[in-house]
Amino acid sequence: MGIELLYFAWVREAIGKDGETAEPPADAQTVGDLVAWLAAKGDGYGEALGTRDKLRVAVDQVFAGFDTPLDGVREIAIFPPVTGG
Amino acid sequence: MGIELLYFAWVREAIGKDGETAEPPADAQTVGDLVAWLAAKGDGYGEALGTRDKLRVAVDQVFAGFDTPLDGVREIAIFPPVTGG
Amino acid sequence: MTPEIRIQPEDFEPGAEIARLEGLGGGAVATFTGLVRGEGGIRTMGLEHYPGMTEKALGGIADQAAARWALAGVTIIHRVGRLGPGARIVFVGTASHHRRDAIEAMHFIIDWLKTDAPFWKREEFADGRSEWVAARAADDAARDRWSG
Amino acid sequence: MTPEIRIQPEDFEPGAEIARLEGLGGGAVATFTGLVRGEGGIRTMGLEHYPGMTEKALGGIADQAAARWALAGVTIIHRVGRLGPGARIVFVGTASHHRRDAIEAMHFIIDWLKTDAPFWKREEFADGRSEWVAARAADDAARDRWSG
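Chains as they are written, first to last, in the UniProt record's numbering: chain A, 1 to 85; chain B, 1 to 85; chain C, 1 to 148; chain D, 1 to 148.
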């Protein structure tokens with residue numbers, strides 16, 4: 001079963017889509033592993049996801065760390081630090 | 001030349017008027033002396049002005065202490081601590 | 001920055017006051033509105049003030065706020081006379097380029113107004129009793145937090 | 001206390017929002033309104049958000065505020081889409097029996113919203129350029145003041 005990925009702001013623009021369903025490899029244990037696997041796809045993915053400091057993630061719609069396990073996760077959003085208000 | 005006195009809130013009610021012109025005696029040097037002289041008139045004055053802790057004063061429309069000299073003063077207001085807002 | 005200060009028996013419209021502050025271009029507007037609470041059987045709240053001194057005191061408080069925070073605008077409105085439960089009593093609004101400046105200056109102004117502007121409240125109850133509201137030590141403490 | 005939370009492209013009326021909070025009977029209403037500033041040649045401000053998470057994040061911030069201060073009401077409105085200079089972006093309003101509770105809770109909510117609600121701003125300039133607004137360390141610091 002895949003994980004729903006969502007991209008926002010310049011992450012969305014660099015990757016060129018607002019989301020997709022991913023089937024990460026079996027050795028991807030954490031959100032950080034998933035992001036590294038995506039970044040390795042190159043092109044927009046590398047540009048958007050290469051520098052983890054610039055990114056924030058939400059797991060199932062709650063802010064989370066890159067060390068969050070992927071077990072049982074349905075939705076992961078990757079985006080820059082927020083700038084609302 | 002007299003000093004204009006103004007009374008507010010329960011000070012006004014106890015004295016029974018909202019102000020008057022006073023000619024304090026020559027030995028009244030400070031606002032505190034003036035208040036003590038007024039309080040000694042008895043009746044409403046004594047009731048309103050007998051307990052200095054409950055009173056605040058403004059001299060020429062600025063909050064002031066009881067030790068403020070009367071020299072050159074035109075207007076003194078005597079009232080309880082404020083409760084606006 | 002010239003503060004807008006009004007002492008009036010009439011009601012005011014917070015929306016209209018905010019619109020004026022928004023128009024000053026700061027980008028951040030903070031407001032406080034205080035109303036008569038209808039508790040304890042209050043029928044009316046009487047508000048007395050010291051004409052002449054009140055305007056000076058509020059102007060001085062606005063000037064202190066403007067010296068301490070970067071403000072594009074300040075509005076202070078205080079009603080006088082007899083007000084019913086739920087009626088607006090006071091409005092403080094600030095505009096700034098920075099939200100923290102707008103919010104802190106608004107908080108400072110209402111705290112100082114409570115202890116340093118010559119207004120007195122009298123509660124009139126449905127059973128005919130009436131009494132002058134007592135000053136609260138908590139209000140002095142709130143103002144003194146801004147020192148030092 | 002059920003917070004009123006709205007994410008919408010449409011404008012809102014601060015006066016109407018204050019009227020609702022006034023009606024909750026607290027006696028003290030504090031508000032913050034944030035607007036698009038017209039500086040640096042900005043033509044439009046684009047606001048993107050994460051539907052589904054945004055409502056949860058704002059609800060969680062309102063709940064935190066309600067756990068910390070005595071609140072009669074909370075309103076949070078945030079606009080999305082493309083907004084011109086001077087347009088309202090965000091409104092935070094609180095009602096309480098105590099002015100300090102109302103003001104501090106409002107300040108807390110806008111500080112947390114800035115750093116913990118999934119909105120992103122993009123500035124579009126008159127010369128055709130556009131850029132995503134960068135997060136500010138000052139906003140993290142403002143939020144962190146509320147801890148401890």
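Derived from the structure by calculation, the hints contain no laboratory data. Keep in mind that the hints are not guaranteed to be accurate.
Pulled from the structure, derived: some chain D residues nowhere near chain A, Cβ distances all over 12 Å [claimed, not checked]:
| hint | residue |
| --- | --- |
| 1 | 24 |
| 2 | 122 |
| 3 | 129 |
| 4 | 146 |
Computed list of lysine to any residue pairs in SDA-like fashion (alpha-carbon distance at most 25 Å, straight line) [stated by the list, open to error]:
| hint | chain 1 | residue 1 | chain 2 | residue 2 |
| --- | --- | --- | --- | --- |
| 5 | D | 56 | A | 27 |
| 6 | A | 17 | D | 69 |
| 7 | A | 54 | D | 122 |
Label pairs and their in silico Cβ distance ranges [stated by the list, open to error]:
| hint | chain 1 | residue 1 | chain 2 | residue 2 | range |
| --- | --- | --- | --- | --- | --- |
| 8 | C | 19 | A | 60 | 29 to 35 Å |
| 9 | C | 138 | A | 2 | 55 to 61 Å |
| 10 | D | 68 | C | 6 | 46 to 52 Å |
| 11 | C | 138 | D | 64 | 37 to 43 Å |
| 12 | C | 124 | D | 67 | 46 to 52 Å |
| 13 | A | 44 | D | 25 | 49 to 55 Å |
| 14 | C | 51 | D | 124 | 49 to 55 Å |
| 15 | A | 21 | D | 9 | 26 to 32 Å |
| 16 | C | 138 | D | 124 | 25 to 31 Å |
A virtual CB, placed ideally from N, CA and C, is assigned to each residue, including glycine.
Hint-by-hint comparison with the structure:
1. 24: 24 Å, holds
2. 122: Not fine: 7 Å to the nearest Cβ puts residue 122(D) too close to chain A.
3. 129: 14 Å, holds
4. 146: 15 Å, holds
5. 56(D) / 27(A): 32 Å, violated
6. 17(A) / 69(D): 42 Å, violated
7. 54(A) / 122(D): 16 Å, holds
8. 19(C) / 60(A): 29 to 35 Å: Violated - the Cβ-Cβ distance for residue 19(C) and residue 60(A), about 41 Å, lies outside 29 to 35 Å.
9. 138(C) / 2(A): 55 to 61 Å: Since residue 138(C) and residue 2(A) have Cβ atoms about 58 Å apart, the given range 55 to 61 Å holds.
10. 68(D) / 6(C): 46 to 52 Å: 34 Å, violated
11. 138(C) / 64(D): 37 to 43 Å: 24 Å, violated
12. 124(C) / 67(D): 46 to 52 Å: 37 Å, violated
13. 44(A) / 25(D): 49 to 55 Å: 54 Å, holds
14. 51(C) / 124(D): 49 to 55 Å: Cβ of residue 51(C) to Cβ of residue 124(D): about 52 Å, so the range 49 to 55 Å holds.
15. 21(A) / 9(D): 26 to 32 Å: Between residue 21(A) and residue 9(D), where Cβ atoms are some 28 Å apart, the hint holds.
16. 138(C) / 124(D): 25 to 31 Å: For residue 138(C) and residue 124(D) the Cβ distance comes to about 48 Å; the hint is violated.
Checked against the numbered hints above, the structure breaks hints 2, 5, 6, 8, 10, 11, 12 and 16 and satisfies the rest.
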